[in-house]
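Peer 1: From just these sequences and the hints, can you work out the full model?
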Amino acid sequence: MNHTSDISLTADSILDKFQKETADKTAEERATYLEEFKEFQEEHKSHASQGQTEAPTSSKKVLHHFVAFIMNSANQLVELDGTKDGPAVIQDDCEDLLKGVATELQRRLADGNITESLSM
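Numbering-wise, our numbering puts 307 at position 69 of the sequence shown, and it's gapless, one number per residue.
DSS-like mimics (lysine-lysine), calculated; alpha carbons at most 30 Å apart, straight line: (1) 276 - 263; (2) 258 - 283; (3) 322 - 337; (4) 322 - 283; (5) 283 - 263; (6) 276 - 258; (7) 255 - 276; (8) 255 - 283.
FYI, nobody ran anything at the bench for these hints, they're computed from the structure. Keep in mind it's a predicted model, so treat the numbers as computed, not measured.
Peer 2: Written as structure tokens, this is what we have:
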């Protein structure tokens, strides 16, 4: 672990055990150790689902949700929307992510596909 001189770990805590067991290992060896570290896995499982919102059933219409736009390595503007079947290419040869998204949102507003209640 990096910067262990700047932080204090609780004695015999999971991180303390991990640090002691992997102090002389390479980053790759630490990653492998972490993958097989049962105590860490158990602790993670016990906290992983806390505070999670139950996903709506597929029959419920979702009115408000998050959508992300990205530009992939092929310079395509891609929409990531969890209510759709998968990523959707919105524009090929997108040179500017912000301009591409703004143009798409303006088009959707004009076509009535989204309303002005959109939050960005």
